[in-house]
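2 protein chains.
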Amino acid sequence: MKSVEITLPEWLPGFLDGRTLFNDDTSKMELAVALARRNIAEGGGPFGAAVFDRADGRLVSAGMNLVVPANNSALHAEMVAIVFAEKLLKSYSLATKGRFELFTSCAPCAMCLGAVLWSGVERLVYAAKADDARAIGFDEGPVFDESYNYLEERGIEVVHGFMRKEGRAVLQAYLAGGGNIYNP
Amino acid sequence: MKSVEITLPEWLPGFLDGRTLFNDDTSKMELAVALARRNIAEGGGPFGAAVFDRADGRLVSAGMNLVVPANNSALHAEMVAIVFAEKLLKSYSLATKGRFELFTSCAPCAMCLGAVLWSGVERLVYAAKADDARAIGFDEGPVFDESYNYLEERGIEVVHGFMRKEGRAVLQAYLAGGGNIYNP
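Residue numbers (the numbering used here), protein chains in the order written: chain A, 8 to 191; chain B, 8 to 191.
Don't read these hints as lab results, they were simulated from the structure. There could be a bad hint or two in this list.
Copies of one chain are not kept apart here, so a pair can be met inside one copy or by any two copies together.
Claimed, not checked - With a straight-line cut-off of 30 Å between C-alpha atoms, the simulated DSBU-like cross-links for lysine-lysine are:
#1 Lys172 x Lys97
#2 Lys172 x Lys136
#3 Lys94 x Lys172
#4 Lys94 x Lys9
#5 Lys172 x Lys104
#6 Lys97 x Lys9
As the structure is a computational prediction, the values presented were derived from the model and not from experiment.
The task is simple: from the sequences and hints, build the whole structure.
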């Protein structure tokens with residue numbers, strides 16, 4: 008096997024419906040949470056994320072958890088959003104291309120938190136807290152207060168639990184719908 | 008953009024030269040370190056990794072750092088090896104397919120350490136220590152003693168600094184050759 012392809016779902020363009028500008032934190036997080044909700048309906052995990060250009064609120068890339076449909080444990084929503092943003096901007100560090108931020112419907116796991124650091128985004132905003140994910144059976148991996156301190160010391164602004172209620176509601180809906188808790 | 012393709016280097020089959028069985032830790036780590044060394048010569052980062060089937064020592068997948076050539080900050084050697092192993096075995100958790108182990112030429116960064124947990128490998132063996140990577144200017148991200156404890160509590164055996172001298176030598180060779188320290 009020589010290559011692995013990461014493919015965005017066919018429903019994404021219709022879901023976005025031409026929307027490209029998101030001018031405040033609320034509208035950006037609403038998008039991340041709506042991606043998570045739609046992704047559940049399409050057989051994915053209950054997590055959504057998006058990268059925005061801070062200069063103009065332009066959506067750069069959208070991500071959703073594709074672990075189960077793609078048989079790929081690395082395809083958390085944040086990873087998908089980051090990988091597509093870098094592809095679009097042709098750089099392994101978004102920091103070289105402007106000022107970017109990542110919104111995600113749930114606190115990043117250990118893998119995604121590390122990926123945020125390498126991506127070059129300068130701001131991370133998440134909705135549901137790690138405890139909300141754990142409450143429905145997901146593991147978040149080794150993430151500690153010191154992990155966030157590490158990012159902040161390197162200049163990444165972190166906003167914790169913004170629109171937590173909305174983020175948590177998606178997780179609860181996934182649980183209520185009998186969603187697959189992979190890697191419990 | 009609808010998809011991102013992760014492609015293994017064209018030199019890999021020739022490098023492996025038909026070798027499929029690796030029957031002890033030394034031969035497995037020699038492969039990971041040799042992948043790192045060859046990858047430097049081919050314009051990649053100084054890191055190599057491989058997944059093996061513990062039942063018979065069969066090589067399942069090889070990985071190398073492709074961050075710079077692929078413009079993708081997620082493509083650390085461990086991530087590449089894991090993603091290709093899961094693709095080959097058609098599962099988002101290797102734990103459902105047998106007993107697997109990951110060898111890597113250097114201690115995993117925060118992202119890769121999280122990815123190891125989600126991959127379902129049951130053993131992690133690394134050569135160079137995090138300090139050896141930091142010594143040439145690479146950041147390892149928020150990895151703490153507690154991070155490894157977290158993996159071990161979940162049943163993952165970790166072997167630290169196995170053939171460290173050989174792993175460190177590759178990093179030093181990269182530095183001496185003027186290699187690009189991305190994400191310093």
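So, going through the hints one by one against the coordinates:
1. Lys172 x Lys97: neither (35 Å within a copy, 35 Å between copies)
2. Lys172 x Lys136: within (10 Å within a copy, 41 Å between copies)
3. Lys94 x Lys172: neither (32 Å within a copy, 36 Å between copies)
4. Lys94 x Lys9: both (19 Å within a copy, 10 Å between copies)
5. Lys172 x Lys104: neither (33 Å within a copy, 38 Å between copies)
6. Lys97 x Lys9: both (22 Å within a copy, 15 Å between copies)
Of the numbered hints listed earlier, those contradicted by the structure are 1, 3, 5.
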